[in-house]
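Novice: If you read the protein sequences in the order shown, they are chains A and B.
The opening position of the first sequence corresponds to residue 1 in the working numbering, with each subsequent residue numbered one higher.
The opening position of the second sequence corresponds to residue 1 in the working numbering, with each subsequent residue numbered one higher.
Check the hints yourself; a few may be wrong.
Stated by the list, open to error - Taking lysine-lysine pairs in the DSSO-like style, the calculated list, with each CA pair at most 27 Å apart, reads:
#1 A:K59 - B:K236
#2 A:K80 - B:K108
#3 B:K236 - B:K38
#4 B:K346 - A:K29
#5 B:K4 - A:K216
#6 B:K38 - A:K80
#7 B:K369 - B:K38
#8 B:K358 - A:K212
#9 A:K366 - A:K355
#10 A:K200 - A:K187
#11 B:K40 - B:K388
#12 A:K339 - A:K388
#13 A:K80 - B:K40
#14 B:K324 - A:K130
Claimed, not checked - Residues from chain A that face chain B, not an exhaustive set, calculated with beta carbons under 8 Å:
#15 L53
#16 R58
#17 P365
#18 A400
#19 Y404
These are computed hints drawn from the structure, not numbers from a lab.
Backbone N, C-alpha and C define an ideal beta-carbon position, used for all residues, glycine too.
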Amino acid sequence: MPKNNYQLVCGLEIHAELKTDSKMFCACKNDPFGAQQPNIYTCPVCLGMPGALPLANRKAIDWTIKIGLALNCQINLFSKFDRKNYFYPDLPKGYQISQYDIPFCHDGFLDTSQGRVRIHRVHLEEDTAKLIHHNHYTLIDFNRSGVPLVEIVTETDIKNAKQAKEFGQKLRQILRYLEVADCDMEKGGMRLEANISLKKESDAADYLPDYKVECKNINSFRFMEMAINYEMQRQAQLLDNGQVPIQETRGFNAATAQTFSQRSKEAAEDYRYFPDPDLPPIEFSPEDIEQIRQSIPELPEQYAARLSHQYQLSLALTERLVKNKQRAKFFEQILILAKEAKIDGKKIVNALLNKKIDYQLTDEPKDVINKYQQANKVEAIDQALIEKQIQAVLQENSAAVKKYQAGKTEVLAFLIGQSMRKIAKKVDANLVKNILLDQLKN
Amino acid sequence: MDNKMTFNQLTLKEALDGLADASLTIEELYRDLNLAIKEKNQFYNIYLNLNDQAEQQAVLAQDTQLKGLPIAVKDNFCTKNLPTTASSRILENFIPQYESTVTDRLQKAGGVIIGKTNLDAWAHGSSTETSDFGPTLNPRNPQHLPGGSSGGSAAAVAADLCLAAIGSETAGSIRQPAAWCGTVGLKPSYGRVSRFGVIAMASSTDSPGVIAKTVEDTCLVLDTFAGPDPRDATCKPEVAPKFTSFLDQDIKGLKIGMIYHDLKGLEETNEKLAQELAILSQLGARVEKAEALDPHYAIGVYTVVQRAEVSSNLARFDGVRYGKDRSFFGDEAKRRIMLGTFTLSKGYSEQYYNLAQKVRTLYLNDFAKLFKKYDVLVSPSSPGFAKKLGASASSPMFGELEDMLLEASSVSGLPGINVPYYQNPDSQLFLGANFIAPMWREDLVIKVADAFEKNSKWNTWRNR
């Protein structure tokens, strides 16, 4: 246990590849994970060959704004692309086309169960090629070079590792709902980065520590949670000993559940950003933005709230139904059909969730309803017969009837049980209860 | 030298007419041209690579707009299956798998690439002396430089080793060598011609254009490739006009402002220009002296912006691809990469890059103001005659000083054209006049330059 009480100061940077048909600045196919061979989806533009010029993918721009709007961001009506200059073998031009001072979206938020996380900015850039390291050499696969990549940067509002995980999961859920990104974490379709430092609990709310540790290339939410927890412990120990953690980039080793130093970042990197002279600035009208806003589908939070309200189900339950869009649509169909068939929505949903009924999300909801009805078939009953049988029960149990009439209403349950036994068929207990009550009145 | 006229000495227009009325065959023309290339190319060091398929391609192009006529292409235009070096050792063995929009359209219109011409390495310079493959000599006087960076293209025209040439200008690289070699050089507005496939120097000012024997010839060539290109986002989306339609126009009433007329050291060139411009007055134009913003600031703007863009544009030659590492960059490229890297660095970009962009805006505003008063502005293209071989080595700012009179218009994106206005009878060297007009008004510079050329005695093809 650390001597002092520390508070986490943490912001996230999350990259997600957009699943547009073509790449960000050329017409090459955007399918790095589906490619059967390396370097088949390439052209002079994404290979950075001399004289080749970029053309911005309009769909990727619209989708970035869509993401921004879904995250409650402000949209810059005037924006541009900038060159981020640095050397790395996976970057064929020697610079990455990105956005510097005027991102498409800024100042948004996403709520978690532990409070609001403010979004600093959402911008669009191009992904780099993929390096494949071998023992004595490294190969470069340019299928990924130039794939549209959205970067979402939060403010330092993350209070603990669990919240970071929830934020990431919620964000991924939204991106998938928008149908703009698959966010396949294993393949690198979504990449997580957490900037972590600690301050004393007594520090002011807006105090920022003068160091920052970047945990990079984390490929699962669970690992991010583990990395943050590990870092908190590691940094607390250093701070307790009067040391300041080194400003550095760290990776995460899933096998040891520990972070490890990758490179020190003592000096701030200088990317020598300047506006890309090959790409004219981009301007939008408020109508353009409105049009994009109209294209945003119902998002999971709203979806769950609406289902809860419309079908009188608890929010905890409907939240389980909307985990992804396909599931949400399936269960909404089930609820609509159940209502028509006078089936209790809650019962059928629970039956499905508890796997009492065998089903797939790809099944026809109508068929699933039928299946449910078959399994819960109520036998045809003769109401007059039941009434007679209940009358007989009341005569046979006159002592109990007297007790009931004297105010001991708890004997009703006994009478219902007796009646059910006499009827000896699958009947609705409510029906029995109503008939009983009716007869007891007389 | 034999004074008998050979077919390669024809202007493009004359050759087109000759082929049309059958007074000339394409084989005859290539026979003379190939002889001339054999005789002169090695000496002047004009072509880095020749297209050995040229004549065959020309024969097949007889039903086209340019009828297979031989066009020289600066070696920074990517040409499929023809080496493209930008005169740098780094790209010595680079054969593009794609064609620049300019050369693609040129060839579709029946132009045949006769060869790829020498330039200052990466187009960094105004002498063609900084080429990694040796300097080009000025065909008007081989003791002198051809100018640059499109020096090889200007020399190819001056030496009659082609019928017209493609060049590119970032700040003077078409007009200055055109002036020094006594040819016509047309730099269209920035964005009028696609940059796709042109090895980038300074992306925000690079403008492909034409160096040719007459104003008419520049228009005939420009007509084949100007206009929108979906592969270049900075290319103007509106269809280009037919530039040949601006020839033989009345210039009566046009207002022409002579700028930079009181610059120190330019007394001789300015005086001669003023005398020659009397031709335009006689044709009914009004020529007067106009006050423009001091061009010296443009040197600073251009130097900072261009170096910044160069440092980024050349970053791709990092040694991972193309087979040559960065040690193969020449001194000039290294100087520019270092300066550009510095001016973009944190803490300095405010002082340099951002400030330069602000001064650039001052020039734009100044020109906008001047063009309210004048239709066309004119000045000498260069402070003087072609410098001697070796002159560039002594001054790292050689190009900037030689291009000083063109840089303000370049950083403003304006169209401009160089036409010869004087030839020194002893040195055989030329002075050229630079006419500029507002953005997208190539019509104005063509009109004036065409009238000037046809009524003066300095064009060596029109007045042979």
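Novice: Broken hints, numbered, in rising order?
Specialist: Per hint list: 2, 3, 4, 5, 6, 7, 8, 10, 12, 13, 16, 17, 18 and 19 violated.
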